[in-house]
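Asker: Combine the two chains into a complex, taking the hints into account.
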Amino acid sequence: MSILTRINRRSLTPYMFIAPAMIVMAIVTIYPLIFQFWMSFTNYGLANLRQGAPAPDWVGLENYVKILTSELSIPNYSFLRLFLYNIFWALSNVTIHIILGVAIALLLNHPGLKLKRLYRALYVLPVLIPPIVVATTWRNMFNQDAGAVNMLLGLVGQVFRIPPETFQLDWLRQVEDPISFIPLPLSYYAMLIANIWLGWPLNAVVATGALQAIPKDLYEAAEIDGAGKWASFKTITLTYLRPAMVPFAIYGFVVTFNLFSLAYFMSSGGPFGRTELLVTQAYRLVNERQLYAVGAAFAVVLFVILLTISLITNRLSKATARYDDF
Amino acid sequence: MTTSKRRSFREPSLLTKILLQVAAIGILITVLFPIIWVFSVSLSPLNLIRPDGLNLIPKDATLEAYLQVIERPTGNPVSFLELAFNSMKIAGGTALASVSLGVLAAYPLSRLAFRGRTFIMLVILGVLMLPAVATLAPLFVTLNSIKLDLPILGTFNLRNSQLGVGIAIVSGSLPFAIWNLKGYLDTIPRELEEAASVDGASQMRIFRSIVLPLALPAIAVTGFLGFISGWTEFYYSWMFLTQPRDFTLAMALSAMTGTYASAIPWPLVSAFSIMLTLPPAIVYLLSQRFITGGLAVGSVKG
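Taken in order, these protein sequences are the chains called A and B. If you're matching positions, the first sequence starts at 2 in the numbering used here and goes up one per residue. If you're matching positions, the second sequence starts at 14 in the numbering used here and goes up one per residue.
Just chain B, same shape as in the assembly (with noise of 0.2 Å):
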C-alpha cells in the first residue's frame, strides 16, 4: 500500500494533469491579455476614434501607426529618434557616472578600516530609504538658481537643461549603484587581493587588476538597471524641462494620453508604448542570465 501511494506521489492522475495545463493557460491568458491588446490597438489605422471591439488583427491592419511615431510621435516638432537619443543621454550619462564613481566608493567600504566607513555606510542606507519624489523641491529650486555659460552649449539654466535633469537622477542613482556594488564586492573572496598584497601590490594595484575584473557582472547589472531607470525617467524630466527639443520618450508619452479619454490617439499611444518597451526588454531577454546571477549576488546585504 505504500508503495502504490509513493508511486501516486510521483505519478500524478491524467485529471490532475489536464487541470494544472488548464490553470497554467488560465494564468498565461490573463498575463498576455494587456500586451497582446496593445499589440493589437498599435495595428489599427490612423484614423480609428476608438477601439470598437476585441480582436487580435483589427480591421484594416497597417503600421501607419509606428511610421508616425518614427515621424512625428507628438504635437511637437520631434521624431522618435530624437526623443529616444534624449532618453539615452539621460540614461547612458547617469548609468555610467554612478558606476563609474560607485565602484571607486565601494572598494574601500568592502575591503578597507578607516576613519568614517560606518557613517558614510549610516548616510548611503538612510539616503536610499527615500523615494526619488523626495528631493524634488530642493533640486528644482537649487538647480533653477544655476546659470551656466559654457563654450560650445552657450549660456543656459542648469535646471532646464538635460544636465540638470541627470544631475538629479545620479542624485539617488549613485547611493544605489554604491549599495549595491558593495554588497556584491563583499561576496568575492579575497584570497587573490591577499596574495597580491603580500606580493607587494598597491591597492590601487589590486583594486585594477583583480576586483575591477571580478566585479564585472555586477558592474553591468548596476549599470543596466541605472540605464532601463533612465530610459524611462519621468519626474525630474517632467518638471525640469521645457524646451521641446530636450523632451525625453517618457515625457512624450504622458503628454500623448492628455487628460481627456476621448482624445487619446489609441493606435499612436500603443504603437509608442511598445518601441519604448522593446529596447530595455530586448538587452534584458539577450542577457538575462548574466542580470540574474549578477542580482542575486548582489543583493545578498548580509
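Chain A extracted, bound-state conformation (with noise of 0.2 Å):
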C-alpha cells in the first residue's frame, strides 16, 4: 500500500484539489443515484414529468414487489427468466472466450509459427470497432435473407449437395429451439457466436502477456525429469496463467453480465424477450415504457446484484492466490 503524505491536518490543500471533481460529482452522480432511490417507491410516470405536473404518489414497495413476482403490465417479462439468463449469458461467454483466448495464445506462442506479430496485430481488430458497430454488423450477418452467415452456410452445403434453402435460418427471430432439450432460441447462439468473435482476441492477449513470463528453462527442467508435454502443460503452463486469467475472467464476466449492444441492437431482446438482459430489460423501462418509478427501482435491484457479485468474485479472486503472493 501507498505511503501517503503527512501533511498538516488543518491543512485545506487536499480540498482544494478534490472539491471541483466532488461538486461535480455530488450533483451529476451522487444526486441521482439518491433521487432515484426515492423515485424506486413512488409511482413516477409520464404523468409527472411535465412542469408543473403534480408530484408523484407513494407507493411503498410496490415497484419492488412487482419486479421480484413478475407481475409488470409489459409483456414477455419474467424476472426469475432474466435472471437465470442473464447469469448463464456471461457464464457461458466467459468460458468459451477463455478456452478460446489461451487455446489461441499457446499457438501465437508456439516457436514454429511464423508471421506471429503480423497474426498478432489482426487478431485484435475487433476490439477497435464501437460496440454499435458490432451490433449492427453481427445482426446484418444474421439476415434471413442477405446475411452473409446463411450464404456462406449454402456455400459449404453446396460441396455436400445439401441445396442451399435448407439454410434459410431466421437466426434473430426464429421461436423454436434450435437444439429441443435445451431451452435456448437460436438467437442466443447467434449472439454467443458474435461475441466469441469480440470476446475471445483480449484474453489471448492477457494469455499471451503471461505465456511470455513463463522462463522457458523451466520446460526444458520438467522434460530432462521425465515429464510428458501434458504435464508440464498443467504444472506449469497452467500455474502461470492462473494469476492472470482469473481477475481477467472476472472482469469479462461482469462485462459480459453488462453487455447491452448485442443485446439491445441484434436480436432487440427477441424472440418474445427471452435474450433479454437485466441492464437492456432497464432501458426498456425507461426509454420504450415510460416507466420512470419501476425503471428506478429495477436499477437498485440491478445495483444490488452487481454488488453480491462482486462480493463473491472479491471472495474468488482471494482464494486463487497468485503464486508470487507469501
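Simulated from the structure, these hints should not be mistaken for lab results. Hints should not be assumed to be uniformly reliable.
[What the hints assert, rightly or not] 20 Å max Cα-Cα, derived SDA-like pairs, lysine to any residue:
id, chain 1, residue 1, chain 2, residue 2
1, B, K30, B, I42
2, A, K319, B, L138
3, A, K117, B, G39
4, B, K30, A, P112
5, B, K160, A, A54
6, B, K30, A, H111
7, A, K115, B, V44
8, A, K117, B, L33
9, B, K160, A, A48
10, A, K117, B, L27
11, B, K160, A, G53
Bear in mind that the values here come from a model prediction, so they are computed numbers and not experimental data.
Answerer: Set out below in C-alpha cells:
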C-alpha cells in the first residue's frame, strides 16, 4: 500500500484539489442516485413529467414487489428467467472466451509459428470496432435473406450437395429452439457467435502476456525430469496463466453480464424477450415504456445484484491466490 | 537421446509448422470475415435491394454509398459532418471535463492523507460498479425539469440538449477518470515530489511541475477512452435528444438499421459503419504503444 504524505491536519490543500470533482460528482452522480432511490418508492410516470405536473404518489415497495414477482404490465417479462438467462449468458461466454483465448495464445506462442507479429496485430481488430457497429454488423450478417452467415452456410452446403434452401435460418427471430432439450432460442447462439468473435482476442492478449513471462528453462527442466507434454502444461503453463486469467475472467464476466449492445441491437431481446438482459430491460422500462419509477426500482435491484456478484468474485479472486503472493 | 529430444523441443517438424500456419490463417479468416463483408457491401450500388452473394468486390462496384453517407445518410436533412461534429462535441467535451476534474481529484487521493479520503474512495468504487443504464431514469427526469435561458443558446430544456447528454455522460465518466488516474499516480515513484517538498515547494507547485508532466500518458489514455465512449454513446443521446440537428453518429446508425430487416439500406449502413469506425481506430493504431503503456500501468489497482 502506498505511503501517503502527512500534511498539516487542518490544511485545506487536499480539499481544494478534490472539491471541483466532488461538487460535480455530487450534482450529476450522487444526487441522481439518491433521487433514484426515492423515485423507486413512488409511481413516477409520464403524467408527472410535465412542468407543473403533480408530484407522484408514494407507493412503498410496490415497484419492487412487481419486479420480483414478474407482475409488471409489460409483455414477456419474467424476472427469474431474465436473471437466470443473464447469469448463463455471461458464464457461457466467458468460459468459451477463456478456453479459446488460451488456446490461441498457445498457438501464437509456439516457436514453430511464423509471422507472429502480423497475426497478433490483426487478431485484435475486433476490439477496435465500436460496440454499436459490431452489433449492427452481426445483426446484418445473421439476416435471413441477405446475411453473410446463411450465404456462407449455403456455399459450404453445396459441397455436400445440400440444397441452399436448407440454410434460410431466421437466426434472430426463430421461435422454436434449435436444440429441443436445451431451452435457448436460436438468437442466443447467434449472439454467442458474435460475442465469441468479439471476446476472445483480448483474452488471447492477456494469456500471451502471461505465457511470455514463463521462464523457458522450466520446460526444459521438466523435460529432463521426464515429464510429458501434458504434465508440463498442467504444472507449468496453467500455474503461470492462472494469476493473469482469473482476474481477467472476473472482469470479463461483469462486462458480459452488462453487455448492452448485442442484446439491444442484434436480437432486440427477442424472440419474446428471451435474450433480454437486465441492462436492456432496465433501458426499455425507461425508454420505451416510460415507467420511470419502475425503471428506478429496477436499477436499484440491478445494483444489489452487481454488488453481490462483486462480493462473490472478490472472495473468488482471493481464494485463487497469486503464486508470487506469500 | 536427451540431446535429440531437446533439439526437437526447439525445432518443430515441417508438418507441425504447416499445421500451425493453417490454424493461424483459419483463425484470421474468421476474424476478418465480417470486416471484409462490410467493406464489400459498402461498395455496392445504392439501388441494391439486398446482397445476393459473397463477392469480395461486388458487381458494379461504386463509391456512391460513401457519397450518399457524406451528403445525407438518414431521412433527416443532416450531413455526416454535422452528425460527426455533434458526436465530436459530446465526446470531446465530456472527455475534457472528466479528465481535467479527474486528475485534480486523483492527486490528493493518491498522495495526501486527509479526513474523508477512504469514504470518497468507497463512494467512487460503488458508483463505478453501476452500468450507465442504471442512472437513466433519475437523470432523465431531473434534467427534464430544468429549463435554461442562456444568452447565446436561448431558452431550452436541458434534457433535450447536447449539454444535458454531456452532463449525463460525465456522471459516469468522471468516477472512472478519477479511479484510473489515481491508479496510475500510485505507480509513479514519489522521490521527486519528496525532494521538492523538502525544498519548500507548495502542493500546487508540486502538482503542476512534477505530477502533471509525469501523469501525461495516463491523462492521454483516460481522455482517449473517454472520447471513444462518447463518440459512440447511445443510451443517453437516444433517450434525451429529439431535434435532428442535435443527433449523433450512433443515433443515426441505429435509426438507419430500423426495425424491418427488409428495409435495411445495405450499402449505406455498411459505408456508415466504416466511416464511424475509422477515426478512433486510426487514432488508436497511431498511438498504440502509448496507449497500451498507459493502460497497463493505469490498470494496476493493487
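Asker: The structure should be examined with respect to each hint, and the outcome stated for every one.
Answerer: Each hint, compared with the structure:
Our distance criterion of 20 Å between C-alpha atoms is met by K30/B and I42/B, whose separation comes to about 18 Å. Simply put, K319/A and L138/B have alpha-carbon atoms about 18 Å apart, close enough for the 20 Å limit, and the pair holds. Of the supplied pair hints, the one linking K117/A and G39/B holds, its CA atoms being roughly 14 Å apart against a limit of 20 Å. Straight-line distance between C-alpha atoms of K30/B and P112/A comes to about 9 Å, which keeps the hinted pair within the 20 Å bound.
Proposed proximity of K160/B and A54/A is supported: the alpha carbons are some 15 Å apart, at most 20 Å. Between the alpha carbons of K30/B and H111/A the distance comes to roughly 9 Å, so the proposed pair stays at or under 20 Å and holds. Between K115/A and V44/B the alpha-carbon distance is near 18 Å, which keeps this suggested pair within the 20 Å criterion. Between the alpha carbons of K117/A and L33/B the distance comes to roughly 11 Å, so the proposed pair stays at or under 20 Å and holds.
Distance restraint check for K160/B and A48/A: the Cα-Cα separation of roughly 18 Å lies within the 20 Å cut-off, and the hinted pair is therefore satisfied. Under the criterion of a C-alpha separation no larger than 20 Å, the hint pairing K117/A with L27/B is consistent with the structure, at around 17 Å. Restraint check for K160/B and G53/A: satisfied, since their Cα atoms lie roughly 12 Å apart, inside the 20 Å limit.
Of the numbered hints listed earlier, not one is contradicted by the structure.
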